[in-house]
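Modelling step: build the complete structure from the supplied sequences, incorporating the hints.
2 protein chains.
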Amino acid sequence: MKFEPKDRRKLADAALGRIPCDLAIRNVKLVNVLTGEIYPAEVGILDGFIACVSADPDGSGAAFSIEAAGEYDGRGEFLLPGFIDAHVHIESSMVTPANMAAAVVPQGTTTIITDPHEAANVGGIEAVRYMIDAARDLPLRVYVLAPSCVPAVPGLEYAGAYFGPAEMDAMLDMDSVPGIAEIMDYAGVLDHSERMEGILEAGRRRGVFLQGHAPFLSGRRLNGYIASGIESDHESRTAAEAREKMRLGMFLDAREGSVSTNIETLVGAVKNFPSLANLTLCTDDREPEDLLTQGHMNYVVSRAVKAGLSPVQAITCGTLNVARELGLRNLGAVAPGWAADLQIVPDISEPKARAVFFGGELVAENGELVVPLPVRNFAQEHRNTVNVKVPDMDELRIKATGERARIRIVVYDSPQSSFTRIVEEEVPVKDGFLDLSSDPDLMFAAVINRHGRGNLAVAVVRGFGAREGAVASTVAHDSHNLAIVYDRPENALVAIKTLTDSGGGHCAVRNGTVTGHLPLPIFGLLSPLPCGPLVRQVNAMKEALRSLGVNTKNPVMRIVSITLPVIPEGKITDLGIVDVNAQKIVPLFVE
Amino acid sequence: MKFEPKDRRKLADAALGRIPCDLAIRNVKLVNVLTGEIYPAEVGILDGFIACVSADPDGSGAAFSIEAAGEYDGRGEFLLPGFIDAHVHIESSMVTPANMAAAVVPQGTTTIITDPHEAANVGGIEAVRYMIDAARDLPLRVYVLAPSCVPAVPGLEYAGAYFGPAEMDAMLDMDSVPGIAEIMDYAGVLDHSERMEGILEAGRRRGVFLQGHAPFLSGRRLNGYIASGIESDHESRTAAEAREKMRLGMFLDAREGSVSTNIETLVGAVKNFPSLANLTLCTDDREPEDLLTQGHMNYVVSRAVKAGLSPVQAITCGTLNVARELGLRNLGAVAPGWAADLQIVPDISEPKARAVFFGGELVAENGELVVPLPVRNFAQEHRNTVNVKVPDMDELRIKATGERARIRIVVYDSPQSSFTRIVEEEVPVKDGFLDLSSDPDLMFAAVINRHGRGNLAVAVVRGFGAREGAVASTVAHDSHNLAIVYDRPENALVAIKTLTDSGGGHCAVRNGTVTGHLPLPIFGLLSPLPCGPLVRQVNAMKEALRSLGVNTKNPVMRIVSITLPVIPEGKITDLGIVDVNAQKIVPLFVE
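Quick mapping for you: the protein sequence lines, in order, are chains A and B. Per my numbering, residue 35 is the first one in the first sequence, and the count goes up by one each step. Per my numbering, residue 35 is the first one in the second sequence, and the count goes up by one each step.
Everything labelled a hint here was simulated from the structure, so no lab data went into it. One thing to keep in mind: the hints can contain errors.
Said to hold, decoys possible - Facing chain A, a subset of chain B residues (Cβ under 8 Å, in silico): (1) Glu278; (2) Arg281; (3) Ala311; (4) Val346; (5) Gly393; (6) Ile619.
Here the structure is a predicted model, which is why all the values come from computation and not from measurement. From the three backbone atoms N, C-alpha and C, an ideal C-beta is built for every residue, glycine too.
And the structure:
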């Protein structure tokens, strides 16, 4: 895809000095990611595109004066292209696209490549369309890829949608969908499952970008995955993985997320390659607090510099290389005819934008947006997606006979790890129901389908963290059903009602009283609030969870992976206990 | 454009070892242009694409065994992608596409980006179609760009065709036309001439590659040219030009042709740029003898190494970078899913292919094709395009009155240079015609329209070289009319008849006898012969020309630029004497 100025003739006229530019940025040191150089320059902008760059680093007389209606004084600081995030889930920051823009644009990010698969698991194609629509007219280019794995693991859970080849066709025919998002089901790819082959074919037929997701794949299997047409990976964690993937032609999207922080290892692994053209940077998942305190792509770039790249190399990886990865021409560098997405930073080792220009317009200065975001109303933002049948008391307990019952319990390895095992234990039975009251480390865990199916499953967990009350969330990867961990059904019901009434989010209950509530009414995943106030709510929520005993680094993240049937070994979905290794549902009671 | 294997599933199966590859290339040092590294590897190929690359440079255990129906032993030599020529006119080598393939493929070139504008000036769109058709099924990928400047300078000459926006549309809708060829009329671009704007718009609308041609443009004008959407340049001759163009985002197609040899200067100018991603290599024009003796892209690469690039850098510039310039994905590197266009060379500083693979098939070994070229018959190869009205004796003389006449004479600066001036001189008149017999340095020069218009112009040249007889050619840039330099009409007529009968080419006549004849019956530009026998004919032709007094380095090239109205200062077309600086026709007789 090429960015085309609407009138090339006018753009040339501005370069030729026949008409004034809209804006001249003067007195800057240009970071030229095309040659890797830095030199003084002036840049003329018209209609959102760069018309001309006047510079004469060699003293050969190539510079010329730029006339313009407006001027911006760069104060001798560095001018670089706006950052491009190669892979990010907006949902991980729990904000709308507009509030994502408000958070990241002042930090120098002007384009993101996003995978809306969390929202899609809840809202299906309409959620993808919402992400595209809600991203329009922002001071941020948002390229929405078509989610490939909705739901992540069909058969082990019910999500709000199912994407097969037909849905993929529909999404790839939408405006500004330049490819297929992280193709996580590598087993399906390698085994040519009917669903994955159909999805891949929809992409191949159109020649679009196929974004990968291939943790730990190596050798033969990695070759097979790449031979299938998949072009990138952001899941590398080891030096060996990084080197092998780049050597085999993948774009290596080196990631620095809130949880997965891989830059140091990956950059260290490949920094001495003579060519880094296929090295790109991404965030994948950033918690809103990290967005505000550490930053976005500017932080990733600074981490890459610390890991051994030169500042210009790191900037190139976070701009031009990503544009080339996506096949976006005229984006990610400062040259005539390129999109005028620019930033001025005082320090290229730790870039903090003093000014950000989007499509030639000054949109942020000194960390603040200086343009209003469009105020628009989306039906999707007001639809309550928590479509659950509120269970009765008995449905939240587990019927049993005799005095003790032998059951499968999902046991956490440690208070920090999300890894679990399935352990068989005997628990007491009282009045016809399992009785966990004698062991505060045991809690009930219920997953209620919230996409209108009416089904639920109840199991038992050990070592979750909370030792009383109820913890509930509609953020529960990847199907985002309603998950509740609780001591007694009374507490669970309060949490369930709170979340069904508020359209989803997180909730903590103690002694029948709500002690924490983080409303995420959009798809049960996103807040309507901007990052600042949202972070205050998140922090209050964390406190409430800690006081129930959830002491993971980020207590809000504890419950969201209890349902994720790709993390070993035992998870709970709306269909029951999943033996992740066997990829099947196993009964609660041991026969 | 993405190269897509016909069955990705099978390709993945071959990588996974479920089915054997067609071919395994073993025992090679892989030149990985994606990372810039060299390391031992094995490559598996299926259906023309690379299925897998097994290597383990780090000793991490990533290598695996490749099963294959066939094997090729690389003997420990280097495996690299086939070369890609960023810009070449096949017509300059005077051979058909098939014979071009026969000459360059054994030297490791597997893709060329060609501009058929010489043939197009003669045969119009049908000639472009011929180039596309004749290139099909060769062991060489030929990307034919749509010629932008046919004729080069409308109004100063008549060519065999006129390409405006409608013709551009027609060509860009043809198969495998990935863009517009060298946009030479930069004045038309900068002044928004209706023709050039229409042509550019046809390209912009489709988002295709716009190949540039911008000698000496700098500063404002270069910015304006680039802002018009033009992406490359192969006309740089100075270090300053090269640096300025790369900095402004152009792909710099550094050229090493038979006449223009720019590699040393240009590579020297940019070799210390931290990024060379936009540096590519091309030949532009190669005489057939140079193709055979020096080589093709392998020679350009060796020149780039001598000029200071590392061998891997030079190879990258002559492979991957060109593919990226054209937006061709999966071409120009050795990785799973990429086209299996490969070569094995013993020495990467002076690459001479020991083996060349095209689409996975061994097509050349030790400098010789090992596959037959397709034998096909094209009507265009048998059409006599020399459509002239043979003039009578008097038309080849210049009528004048009185005893002396003051005329404008086209005077060569030197025996080697193609630069000329227009000088006013008095010449004798005898029997009602100009009489040049007293000054053997003066010759008549006639240009006869050979595209059926019937017009001709006769002028006088000084210092051409030949001092007797007649020199004639249907290769006469860019309209390729029939040009004849001669002492007497009798000699001219013999040459004219020889060329009209043979469908064009070069001819030398002395005392009414043909002393040299190089038949170029295809468009009057190309020989049906392969390079080897053609070179013998060319050398005989050169000898014949030398014996008439033409002592330029390449005597065959002397006449071909006499008509080219973009080289200063005086040229002769079928419309008369062109004052190149004024870009207008001037009268022979001084008033």
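Per the CB criterion, is Val346(B) less than 8 Å away from chain A? With Cβ-Cβ at 7 Å, under 8 Å, it holds.
Should the hint that Gly393(B) touches chain A count as held when the rule is a Cβ pair under 8 Å? Cβ of Gly393(B) sits 16 Å from chain A, so the hint is violated.
Restraint check, 8 Å cut-off on beta carbons, for Glu278(B) near chain A: 5 Å, holds
The hint names Arg281(B) as touching chain A; please verify it with the least Cβ-Cβ distance against 8 Å. 6 Å, holds
Have a go at the Ala311(B) hint: is there a Cβ in chain A nearer than 8 Å to its own Cβ? With a closest approach of 6 Å, the Ala311(B) hint holds.
Quick check on the hint: Ile619(B) CB to chain A CB, less than 8 Å? Violated: closest Cβ of chain A sits about 29 Å from Ile619(B), beyond 8 Å.
The structure does not agree with the numbered hints 5 and 6 stated previously, though it agrees with the rest.
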